[in-house]
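Protein chains: 2
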Amino acid sequence: MGPPPPLSEGALRVIPLGGLGAIGRNMAVFEYDGKLLVVDCGVLFPDMDQPGVDLILPDFSPILDRLDDVEAVVLTHGHEDHIGAVPYLLQHKPDIPLVGSQFTIALVEAKLAERRIKPYSLVVADGGTEQLGAFECEFFAVNHSIPDAMAVAIRTPAGTVLHTGDFKMDQLPLDGRITDLAGFGRLGAEGVDLLMSDSTNAEIPGFVTSEQEIRPVLDDIFRTATGRIIVASFASHVHRVQQVMDSAHQHGRKVALIGRSMVRNMGIARDLKLLNIPGDLLVSIDDAASMRPEEIVFMSTGSQGEPMSALGRMASGDHRHITVGEGDTVVLASSLVPGNETAVYGVINRLSRAGATVIHKDVAKVHVSGHAPAGELLYLLNMVRPSSFMPVHGEWRHLRAHARLAVKTGVPADQVALVEDGDVVDLIDGVARVVGHVPNRYIFVDGLAVGDVGESLLSERRILGDGGFIAATVVIDSVTGKVVGGPTVSAKGFSEDPAAFDPVLPVITAALDRASEDGVTDPHQLQQLVRRTVGRWVNETYRRRPMIVPNVLEV
Amino acid sequence: MGPPPPLSEGALRVIPLGGLGAIGRNMAVFEYDGKLLVVDCGVLFPDMDQPGVDLILPDFSPILDRLDDVEAVVLTHGHEDHIGAVPYLLQHKPDIPLVGSQFTIALVEAKLAERRIKPYSLVVADGGTEQLGAFECEFFAVNHSIPDAMAVAIRTPAGTVLHTGDFKMDQLPLDGRITDLAGFGRLGAEGVDLLMSDSTNAEIPGFVTSEQEIRPVLDDIFRTATGRIIVASFASHVHRVQQVMDSAHQHGRKVALIGRSMVRNMGIARDLKLLNIPGDLLVSIDDAASMRPEEIVFMSTGSQGEPMSALGRMASGDHRHITVGEGDTVVLASSLVPGNETAVYGVINRLSRAGATVIHKDVAKVHVSGHAPAGELLYLLNMVRPSSFMPVHGEWRHLRAHARLAVKTGVPADQVALVEDGDVVDLIDGVARVVGHVPNRYIFVDGLAVGDVGESLLSERRILGDGGFIAATVVIDSVTGKVVGGPTVSAKGFSEDPAAFDPVLPVITAALDRASEDGVTDPHQLQQLVRRTVGRWVNETYRRRPMIVPNVLEV
Numbered sequence: 001m002g003p004p005p006p007l008s009e010g011a012l013r014v015i016p017l018g019g020l021g022a023i024g025r026n027m028a029v030f031e032y033d034g035k036l037l038v039v040d041c042g043v044l045f046p047d048m049d050q051p052g053v054d055l056i057l058p059d060f061s062p063i064l065d066r067l068d069d070v071e072a073v074v075l076t077h078g079h080e081d082h083i084g085a086v087p088y089l090l091q092h093k094p095d096i097p098l099v100g101s102q103f104t105i106a107l108v109e110a111k112l113a114e115r116r117i118k119p120y121s122l123v124v125a126d127g128g129t130e131q132l133g134a135f136e137c138e139f140f141a142v143n144h145s146i147p148d149a150m151a152v153a154i155r156t157p158a159g160t161v162l163h164t165g166d167f168k169m170d171q172l173p174l175d176g177r178i179t180d181l182a183g184f185g186r187l188g189a190e191g192v193d194l195l196m197s198d199s200t201n202a203e204i205p206g207f208v209t210s211e212q213e214i215r216p217v218l219d220d221i222f223r224t225a226t227g228r229i230i231v232a233s234f235a236s237h238v239h240r241v242q243q244v245m246d247s248a249h250q251h252g253r254k255v256a257l258i259g260r261s262m263v264r265n266m267g268i269a270r271d272l273k274l275l276n277i278p279g280d281l282l283v284s285i286d287d288a289a290s291m292r293p294e295e296i297v298f299m300s301t302g303s304q305g306e307p308m309s310a311l312g313r314m315a316s317g318d319h320r321h322i323t324v325g326e327g328d329t330v331v332l333a334s335s336l337v338p339g340n341e342t343a344v345y346g347v348i349n350r351l352s353r354a355g356a357t358v359i360h361k362d363v364a365k366v367h368v369s370g371h372a373p374a375g376e377l378l379y380l381l382n383m384v385r386p387s388s389f390m391p392v393h394g395e396w397r398h399l400r401a402h403a404r405l406a407v408k409t410g411v412p413a414d415q416v417a418l419v420e421d422g423d424v425v426d427l428i429d430g431v432a433r434v435v436g437h438v439p440n441r442y443i444f445v446d447g448l449a450v451g452d453v454g455e456s457l458l459s460e461r462r463i464l465g466d467g468g469f470i471a472a473t474v475v476i477d478s479v480t481g482k483v484v485g486g487p488t489v490s491a492k493g494f495s496e497d498p499a500a501f502d503p504v505l506p507v508i509t510a511a512l513d514r515a516s517e518d519g520v521t522d523p524h525q526l527q528q529l530v531r532r533t534v535g536r537w538v539n540e541t542y543r544r545r546p547m548i549v550p551n552v553l554e555v
Numbered sequence: 001m002g003p004p005p006p007l008s009e010g011a012l013r014v015i016p017l018g019g020l021g022a023i024g025r026n027m028a029v030f031e032y033d034g035k036l037l038v039v040d041c042g043v044l045f046p047d048m049d050q051p052g053v054d055l056i057l058p059d060f061s062p063i064l065d066r067l068d069d070v071e072a073v074v075l076t077h078g079h080e081d082h083i084g085a086v087p088y089l090l091q092h093k094p095d096i097p098l099v100g101s102q103f104t105i106a107l108v109e110a111k112l113a114e115r116r117i118k119p120y121s122l123v124v125a126d127g128g129t130e131q132l133g134a135f136e137c138e139f140f141a142v143n144h145s146i147p148d149a150m151a152v153a154i155r156t157p158a159g160t161v162l163h164t165g166d167f168k169m170d171q172l173p174l175d176g177r178i179t180d181l182a183g184f185g186r187l188g189a190e191g192v193d194l195l196m197s198d199s200t201n202a203e204i205p206g207f208v209t210s211e212q213e214i215r216p217v218l219d220d221i222f223r224t225a226t227g228r229i230i231v232a233s234f235a236s237h238v239h240r241v242q243q244v245m246d247s248a249h250q251h252g253r254k255v256a257l258i259g260r261s262m263v264r265n266m267g268i269a270r271d272l273k274l275l276n277i278p279g280d281l282l283v284s285i286d287d288a289a290s291m292r293p294e295e296i297v298f299m300s301t302g303s304q305g306e307p308m309s310a311l312g313r314m315a316s317g318d319h320r321h322i323t324v325g326e327g328d329t330v331v332l333a334s335s336l337v338p339g340n341e342t343a344v345y346g347v348i349n350r351l352s353r354a355g356a357t358v359i360h361k362d363v364a365k366v367h368v369s370g371h372a373p374a375g376e377l378l379y380l381l382n383m384v385r386p387s388s389f390m391p392v393h394g395e396w397r398h399l400r401a402h403a404r405l406a407v408k409t410g411v412p413a414d415q416v417a418l419v420e421d422g423d424v425v426d427l428i429d430g431v432a433r434v435v436g437h438v439p440n441r442y443i444f445v446d447g448l449a450v451g452d453v454g455e456s457l458l459s460e461r462r463i464l465g466d467g468g469f470i471a472a473t474v475v476i477d478s479v480t481g482k483v484v485g486g487p488t489v490s491a492k493g494f495s496e497d498p499a500a501f502d503p504v505l506p507v508i509t510a511a512l513d514r515a516s517e518d519g520v521t522d523p524h525q526l527q528q529l530v531r532r533t534v535g536r537w538v539n540e541t542y543r544r545r546p547m548i549v550p551n552v553l554e555v
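Going down the list, the sequences are from chains A and B. Residue numbering for the first sequence follows UniProt numbering, starting at 1 and increasing by one per position. Residue numbering for the second sequence follows UniProt numbering, starting at 1 and increasing by one per position.
Hint data in this document are derived by calculation from the structure and do not stem from the laboratory. Since we're looking at a predicted model, the values are computed, not measured. You may find that some hints are simply not true.
Where chains are identical, the list cannot tell them apart; a pair therefore holds if satisfied intra-copy or between any two copies.
[Claimed, not checked] Mimicking SDA-like on lysine to any residue, the simulated pairs with C-alpha atoms at most 20 Å apart in a straight line are: (1) K361 x I204; (2) K361 x L336; (3) K254 x G447; (4) K365 x T209.
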């Protein structure tokens, strides 16, 4: 499908720039009457098929020449996959207003401060309404694995959209702040033309276990542990940290926070009164290191097996303060993000080898998901009764499952917009229709550079990573075309056998001799000849496919 | 710890060559009175830290000069991680006898036939006893995710060892062949000096769900599916396939087997009466392709996301016979082996995108594990009451958890041999002690070659895979040392920016000029200079760490 037609008058356009087809880099653009509203601007973390990539950004190109039209970026909550790309967007235009709850704005401001950007931000409250240019936005409390998450209803003369952000419906959340289902019901009664809802757990039947049910499990662990306790979790999961602190307090242990993001985020959460730290519970890591093992809990980052994180360093035995050993208990109170298994189990094994008891979600109920499974999604669909539905935030398997749920609740199948990043959906009279497609590439961040790494380059990396390369160099006389040096063959990542290339040198020489007899002197042709010759030899001899790098130099 | 002392007279030595510290390449060597017995000889599948590796073998070197002393290789069951390295061992000495159950021997013989090896094999029956040279072996039925699995008790004058192989204790297995707990009890009453037991699920509390409980789930799926049904599973999981066939039969569908190993193994299973195929249930894939969607079930390989498998090809839309689309149901009735998540979810997403409903173990109970969890392991420990205990078949987290279970049942902590591959354990008077260590490397198979890929080479691959390489070539006069060609810079996997290296060329030239002024003409020194110069530039400019390949050619 090609580029979309100009937007008809009185219609609302929705362009998901990320979050549909992969979990991450969530970003949706709304257009009405020439003006744009953005909801979320997150990053996607690369998987093993994207080697060497640090982050993946949404492709901003469809709006890059229209940033003056952007009324605001609404941030539903403070997770990286919703706010992580904000710095990259604001690089283009630093004064786009950011709108979100208190905690969300505090997190994004802290992130921007590292890059010396001070954003224009607007803090909104649960139930509040803001007119953001052409868009009237109403904000609803939702429960998620980070405090202060929000859904947003966007009203325009062309219709009303409800975008849930990420959410679940724990009915007994730690902070008592439940997902505003009543508000959604009221909105549904007014009429919702398009519902965009979190699909992450749409495949999973049933309902979420309450965060509170983790507490007795933690208490059990804390009651029986005799040595040090180290708990790792996401650095933004304030309620999980709260429970660890409460359990530590109850069992007479102090808590030391480890890891830069853990310290920073819990400081913010405490300042905003989202985290309640009993009296003298917190100690510094230096003090903790000198305390007796049974007196201390370390609350750490590194739950995803990151080698440079606090826990990763402990597992490798090179943490500055903490050496894990016999008698220690490590709790990974976190999800295991698909793709991180090798890293996470590697950390668990290294800690186990050192003598620690490691408790993780396969072993005990020390984690609950932050996303609504099918049972809760049905509640939402039935409360809102939208005209049209667009599943968002998920891989294809999640979007497809969510679409089926919507149809089951009565959304007409042809009013379910099962779309992917870059599809352009126009909402006219409550009906969502795909009208075109805009460019949508994965924008890779690798080190300091953004966008110079693309798919073909990743494919080179995959070939190099799987088989290494063999470089064959020949020097020819630029006038006569005769070989005056080489062939020399060298390789990296191919074989540790020092004599591996002895047999191929005469083969290359013979091929060059034949070429010379045939009067071939063109360096490019000779290069192709060397590539073919070495490629055929290595395939026959080894059944491997390293990259062949022929190099014909003229002197 | 160094090499072990000579084995004392009357002692039994155990050397695990694989399976302790990683799940796979299971292999244990027993030595008594100068003679050796091997239990299992499997492969380990590489993870993402071992790029380009096809298989990992046990390190045979400690027994390679003693193969004449090997009385037999006992194979506990037919999974690749227990039999996959047999061809590589028999390469060294093809007439080592193989001992195992009927199905196990049939599978290993089929594997060896592909390499034109006809082994000396001995089929043993449940409850049978064989004198294998110095070792009296008694075989016990165990229940696992493949038929005909066995545990083996090894009796020598130095004591009795019970090696469970892989097992679980489904009390209602499809074939009625339960784990011979009564036999283990009898053996325990006689006295077991060392128990070696499967640790894979030692972290998991409780008991296994019966294989039979999958059937109603399959029936539900088969009852409601309107289009084609494609079920993927391990090609050796005869009972899972049996249930799919039974459900297909009940719902009036025919079954076509797809995938070379699926067809081969089910043929063997049928011949051995381990698989009961109702009347005219089976159809060829060609016939199936012309049948109506609601009449057919495809039973396929590819449950681990292998791109070249039948299911992998269907997902990519390039299977010769089958195009998956709207209305089709795909069931992944299998585990998800850690490390395969990206591949498996990739397949699920591609099938979902094509319109299929994909049911996998996160969504419905279509898989149960083949390994005993903690509850069952306790039963075994309490029945056998061994003097000493060695947890086997597991990563460190599993071995550690299993060791704790053993201690809880009364095995003295100092008689638990928590060891890893290559540790040498002597059993004297019922007490197992580590007495030394033998070489134990991962032996990597990559294409046709075995052993020319090692850790340092994998580290080169990882660097290349993450960041590509930058090659900088300079040609110098071999007499004067003067630069006569270059510098030229080329790269793979580094940047798609065609002008990326424009800024570094003058930097290299300047460095070479300074070297020339200083009288440096040694090619090796110039090479180091180029490497440093380019490396510093790329780090400052990009914050990346590609491999730098300097190349100073003399003509």
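### Query
Which numbered conditions among the earlier hints are violated in the structure presented, ordered from lowest to highest?
3
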